[in-house]
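Chemist: Spelled out, the chains give:
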Amino acid sequence: MAKAGPPSGLCRQRRGTAPQMRGRYPDHDVLAQADHWDEATRRIVLARLRIDAPPLRVFDADEGATLEAFCDTVMAQDSDPRVPVLGMIDEKLHEGRLEGYRYADMPADADAWKLVARGLDEAALEHGCASFAAAPHDVRSQVCGAFSAGELRGGVWDELPIGRAWTVAMRDVVAAFYSHPWSWNEIGFGGPAYPRGHARLGVGLRDAGEADEEFSVDPAIDVPVRGLE
Amino acid sequence: MRDFKLALKGSVGPEDNDSRNLLDPHRRGVPGRATMRTYRDRDAVDLVIVGCGAGGATLAQRLARRGWRIVVIEAGPFWDPDSDWVSDEAGSHPLFWTQNRIVGGEDPVEMGKNNSGRGVGGSMVHYAGYAPRFHPSDFETLTRDGVGADWPISYEELKPHYEQVERELPVAGQSWPWGDPHGYPHGPHPVSGGAERAWSGARRAGVEMRVGPVAITNGAFGNRPHCIYRGFCLQGCKVGAKASPLVTHVPDALAHGAEIRADSMATRVEIDGAGRCTGVAYLQDGSERFQRAEAVAVAGYSIESPRLLLNSHSSRFPNGLANGEDQVGRYLMVQGAPQVAGRFPETLRMYKAPPPEVSSEQFYETDEARGFSRGFSIQTLGPLPIGWAEHVVADGHWGYALREYMRDYNHWSTLGVLNELLARPDNRVTLADERDQSGLPIARIDYTQCENDRLNIAWAKRKLEEIWEAAGAEELLTIERYAHLVGGCRMGDSPESSVVDSDHRAWAVTNLFVADGSTMPTQGSANPALTVMALASRLAERLARKRVGATPV
Ligand SMILES: Cc1cc2nc3c(=O)[nH]c(=O)nc-3n(C[C@H](O)[C@H](O)[C@H](O)COP(=O)(O)OP(=O)(O)OC[C@H]3O[C@@H](n4cnc5c(N)ncnc54)[C@H](O)[C@@H]3O)c2cc1C
Ligand code: SF4
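Each protein sequence line maps, in turn, to chains A and B.
The numbering of the first sequence is my numbering, which starts it at 461 and goes up by one.
The numbering of the second sequence is my numbering, which starts it at 3 and goes up by one.
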């Protein structure tokens, strides 16, 4: 199995910031367009840049360490700069922003997250590690892989429906990560487009404020070849 | 001659609705709000409507024009798109009904952003904008196909209202060959690279598609601006090009004296000793108030309408208002909405252009050779990064693989289907043990598919895969989801099997009406908003002509 990581040849970000400073669009800096956005949008997007490792309010220190490690692993944030995923989730839960539903067999979202933290630590313990946060990368990966496949057993996992727990956790994780403008630089998303819209809609075309892709690989080929999952 | 007709096409507006001209060309807030007429709680208005969405706003506009004194009680805000809406995916959270609901059953349906809205304009504020009609067959699936139910009304009865609402939104698209063939008031929008790919694949796979029908202006239409193809339709159209009641019906309703009382959550419909409604209790700024009215129309969406009726229990209706026969909340329907995305070597940037672009109803009707009853429609979609990430996670990816699929975002294009899942009595809204902040029991939604549903979804997914393969897609990625809740207070021929009659009137309460998507007995595989509006338009016509004799209304 090849070493887990980004594909070789992925670009180093030249303009603006991308998570881990890697991406396919090295000259794409969404924030350079902020002057072209409407005021309400600018305010809400720029506010996300201010969440920088805030004190956690929903999770205690141990839960925080475990979940921080979980978020890093499932989002493959292996170096700085990192999108502060857990901080954003903690803020959402603290402010009581709800998602509009709860599965009948699941506890409230914040409690589900706390159980996930406990369950991850229990799973790490079975690998002989003191906690999930203290576990080396390959143990964390194995545990997350088993979590995603619904294959963790015992302890917390006997009371928490594992498939739903994964869905709920990943819903919050990706919503945080991909709401952050740094992630838009990495993937070449144009970001807010009001009042200026888009004019060039066809295949391979780009508008002002969009940059060219400088590296490309088909993930459906590369992911299995490099044994990433 | 042809050019002349085209030029004229966009400029002929509907009669009996001035909303497009009442909007301000420079600001997006509804101008009439500042001068809105207001009623006192103790004024017994002609009609109080709960909910200012697709059904409620249309009903309000129609009857206000006919001189009725109308108050609309709306739980959410009176939006000012300039300051309240953003061109951002996560930031659009406040548009959704995010209060807790419990979801259960074997195939639970996720609520929140994928379901209903909250605020003036209702769920159409963040709907995609597809505006197809139902097919004539949808009104008699039991007779034709032996499944679902027959409506107590026919397509023909709704047709003039479809035509009128299509002019009011207005709907843009190519002329429509399916169902009852018809044209659209505005011509088709240009399509994006991703939709082009899907369309060419469909052609090669023998699937006919058409541009539209979308409720997005494409040409001059009063003060409604043209679409700027920015792709944030599901985040609320800040531009005002996409139709929602906020721009299509609310301005005209206000101009004719309706009051829209926002930030007011209806908690109970009250009745008197004779079993007639007397008005609606609601919460505003934490205090309980009561609006008197001669009649009540509930239009709070397929979850909140049943919830409100169930919460309005009394000694006369111990199991909830109009629920003597245990019908309220039953036959709740949701469409299967799996999506399959295809990858191409070129960049397609699916975030550009409105997500609703090209669609097909070729597989809408029953074809016995497929092995199941009823069918599905096919539509293009354009998930933004968070929606796309949910797609990738659903396909089983996380970690480095997830990041790599996400970096590949611009190479993908997405097609979805809408499957007609069949109405079943045990798919229903009930009250959960849990309560909301104000002490009101919250809704619980149970949903379980039947065999026909599973076969339909599986067949439709294979069809999408065929289309992408024919288009030359290198890879495919699939997500299972649901869309569009309707039913829960269905209309029918008898009180034993329905909540309201063909005039939307509760069987058991003569001055109580249900005027939203919850009255639908079947759902077809068309998106529901146009039909919700057409039904409300028909109801208004019948009330105004006093054809339904809801005296003293
Ligand atoms: C993401 C998404 C995409 C969609 N895309 C499409 C599409 O492309 N085409 C289409 O046709 N349909 C689409 N729909 C569905 C469509 O928006 C709804 O079917 C339609 O708006 C339902 O109309 P309604 O009148 O039943 O309810 P709504 O439009 O939801 O209106 C109900 C209103 O009632 C209010 N309310 C509820 N309870 C109370 C209470 N107790 N007191 C006061 N007010 C209350 C709510 O706040 C809301 O404003 C989409 C929906 C979503 C969520
Ligand atoms: S793409 Fe057009 S209709 Fe959709 S939000 Fe943008 S301007 Fe509005």
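Hints were generated in silico from the structure; no laboratory data involved.
Any given hint could be a false lead.
Keeping only pairs whose Cα atoms sit at most 25 Å apart, straight-line, the calculated SDA-like set for lysine to any residue is [claimed, not checked]: (1) Lys-552/A with Pro-96/B; (2) Lys-552/A with Pro-320/B; (3) Lys-552/A with Leu-442/B; (4) Lys-552/A with Lys-463/B; (5) Lys-552/A with Lys-465/B; (6) Lys-465/B with Gly-524/A; (7) Lys-552/A with Gly-93/B; (8) Lys-463/B with Val-683/A; (9) Lys-574/A with Gly-588/A; (10) Lys-574/A with His-95/B; (11) Lys-463/B with Gly-588/A; (12) Lys-463/B with Ala-609/A; (13) Lys-574/A with Glu-559/A.
If we take Cβ atoms under 7 Å as the criterion, some of the chain B residues that face chain A in the derived model are [claimed, not checked]: (14) Trp-99; (15) Asn-102; (16) Ile-104; (17) Gly-106; (18) Tyr-157; (19) His-228; (20) Arg-232; (21) Phe-292; (22) Pro-387; (23) Gly-474; (24) Glu-477; (25) Ile-481.
Non-contacting residues of chain A with respect to chain B, defined by C-beta distances greater than 10 Å in every case (computed) [claimed, not checked]: (26) Ala-464; (27) Glu-499; (28) Pro-541; (29) Glu-559; (30) Asp-571.
Keep in mind it's a predicted model, so treat the numbers as computed, not measured.
Every residue gets a Cβ at the ideal spot worked out from N, C-alpha and C, and that includes glycine.
Chemist: Each hint: holds or not?
Modeler: Hint by hint, here is what the structure shows:
In summary, the hint linking Lys-552/A to Pro-96/B is supported, as the alpha carbons are separated by about 13 Å, within the 25 Å threshold. With a C-alpha separation of about 39 Å, the suggested pair Lys-552/A and Pro-320/B falls outside the 25 Å cut-off, and the hint is violated. Taking the CA atoms of Lys-552/A and Leu-442/B, the gap is near 24 Å; set against the 25 Å cutoff, the hint holds. For the hint linking Lys-552/A to Lys-463/B, the alpha-carbon distance of about 35 Å lies beyond 25 Å, and the restraint is violated.
The suggested pairing of Lys-552/A with Lys-465/B is violated, with an alpha-carbon distance near 39 Å, which exceeds 25 Å. Between Lys-465/B and Gly-524/A the alpha-carbon distance is near 45 Å, which puts this suggested pair outside the 25 Å criterion. For the given pair, Lys-552/A sits about 12 Å from Gly-93/B by alpha-carbon distance, which is consistent with the 25 Å threshold. At roughly 24 Å between alpha-carbon atoms, Lys-463/B and Val-683/A fall within 25 Å of each other, so this suggested pair holds.
Of the supplied pair hints, the one linking Lys-574/A and Gly-588/A holds, its CA atoms being roughly 21 Å apart against a limit of 25 Å. Note on Lys-574/A and His-95/B: the hinted pairing holds, with a Cα-Cα distance of about 24 Å set against a maximum of 25 Å. Pair hint Lys-463/B plus Gly-588/A does not hold up; C-alpha atoms about 44 Å apart against a cutoff of 25 Å. Between Lys-463/B and Ala-609/A the CA atoms are separated by roughly 23 Å; this keeps the pair inside 25 Å, and the hint holds.
About 17 Å separates the Cα atoms of Lys-574/A and Glu-559/A, which keeps this hinted pair within 25 Å; it holds. A hinted interface residue such as Trp-99/B counts as satisfied when its beta carbon comes closer than 7 Å to some beta carbon of chain A; here the least separation is about 6 Å, so the hint holds. Evaluation of the Asn-102/B hint against chain A yields a held restraint, the C-beta minimum of about 6 Å falling below 7 Å. With a least beta-carbon distance of about 5 Å to chain A, the hint placing Ile-104/B at the interface is held under the 7 Å criterion.
For Gly-106/B, the suggested interface contact is upheld, since its CB lies about 4 Å from the closest CB of chain A, less than 7 Å. With its C-beta approaching chain A no nearer than about 34 Å, Tyr-157/B sits outside the 7 Å limit, and its interface hint is violated. Restraint check, His-228/B versus chain A: the minimum CB separation of about 9 Å is more than 7 Å; hint violated. Satisfaction of the interface hint for Arg-232/B is found here, the shortest Cβ-Cβ separation to chain A being roughly 4 Å, below the 7 Å cut-off.
The interface hint given for Phe-292/B is broken, as the beta carbon of that residue sits about 28 Å from the closest beta carbon of chain A, more than 7 Å. For the restraint placing Pro-387/B at the interface with chain A, the shortest Cβ-Cβ distance is roughly 4 Å, inside the 7 Å limit, so the hint holds. Hint on Gly-474/B is violated. Least Cβ distance to chain A is approximately 12 Å, over the 7 Å limit. The beta carbon of Glu-477/B is positioned within 7 Å of a beta carbon in chain A (closest approach about 4 Å), and the interface hint is therefore held.
With a least beta-carbon distance of about 12 Å to chain A, the hint placing Ile-481/B at the interface is violated under the 7 Å criterion. For Ala-464/A, the requirement that its beta carbon stay farther than 10 Å from each beta carbon of chain B is not met, with the minimum near 5 Å. With a minimum CB-CB distance of about 8 Å to chain B, Glu-499/A fails to clear the 10 Å threshold, and the non-interface call is violated. No beta-carbon of chain B comes within 10 Å of the beta-carbon of Pro-541/A; the shortest separation is about 14 Å.
Distance check for Glu-559/A against chain B: the nearest CB is about 5 Å away, which does not clear 10 Å, and the non-interface claim fails. Residue placement check: Asp-571/A keeps its beta carbon more than 10 Å from all beta carbons of chain B (closest about 13 Å).
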